[in-house]
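Could you put together the complete structure from these sequences and hints?
Numbering-wise (the numbering used here), the sequence shown opens with residue 3 and increments by one.
It is possible that some hints are incorrect.
What the hints assert, rightly or not - Listed below are the simulated DSBU-like cross-link pairs for lysine-lysine, each with C-alpha atoms no more than 35 angstroms apart in a straight line:
1) Lys126 - Lys152
2) Lys197 - Lys210
3) Lys197 - Lys76
These are calculated hints, taken from the structure and not from any lab test.
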Amino acid sequence: MVFKRRDKPPLLSRIRHAVLPRTGWRRSFEYLGHRVRRLPDSPHRISLGLACGTFVTFTPLFGLHFLLAALAAKIARANILASLIGTAVGNPLTFPFIASLSLGLGRQILGYGVTGRDFGRVAKAFEQFFIGLWQSFWSLFGYGEPQWHKVTLFIQDVWWPYCVGGILPGIASGVLVYYLSRPLITAYQARRRAKTLERARKIRQSIKSESDVKKRSPYSPANSGTTG
3 MVFKRRDKPP
13 LLSRIRHAVL
23 PRTGWRRSFE
33 YLGHRVRRLP
43 DSPHRISLGL
53 ACGTFVTFTP
63 LFGLHFLLAA
73 LAAKIARANI
83 LASLIGTAVG
93 NPLTFPFIAS
103 LSLGLGRQIL
113 GYGVTGRDFG
123 RVAKAFEQFF
133 IGLWQSFWSL
143 FGYGEPQWHK
153 VTLFIQDVWW
163 PYCVGGILPG
173 IASGVLVYYL
183 SRPLITAYQA
193 RRRAKTLERA
203 RKIRQSIKSE
213 SDVKKRSPYS
223 PANSGTTG
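Structure follows, in structure tokens:
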């Protein structure tokens, strides 16, 4: 690739920059806001796209958020690029709160409870999931026995409650993002449209003024016949 860095930064450095961007989170969010406002689409479709991306961040399908956001925007006839930007709601700063809220609510809805003992089971489920996945992988090559029941425990104790618990907060957050962003985008587009019209008016006025000056000039073709 032409623009690929020759000196690839160390893994720890890349992780640090993912959590703490060089330009800071404030600059990053300002840049995303600038991109959203300049999207060439209606305020409704842009805001709906942001809502789709926000809703998707409350699902445990990490690594597929972009794909799911684009699919949701396609179904809702929203702006796809805005939906991808909307997934920025889920970031290293917010994911701990999103995961805790979704998982806790899901376990309450399913009747698992949210006591310390239950969260201990969740931590155990994470551990057993990776162990079971690793052992089941090697069993395909004849090493040991498959341990898919450990993966099933993770799905039952973590993944499924996260899915169930993320629905309501995801919908609420999506609706909130929609109604907060739409008037801002509408006002920005109206202001930008007014500036564009004003700029075009000044250009027309400038051209007209130059044309009037040429007509009044004694050296212009219109006046050359009368001065002879």
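* Asked: Of the numbered hints stated previously, which ones are contradicted by the structure, given in increasing order?
  -> Nothing - there is no hint that the structure violates, so all of them hold.
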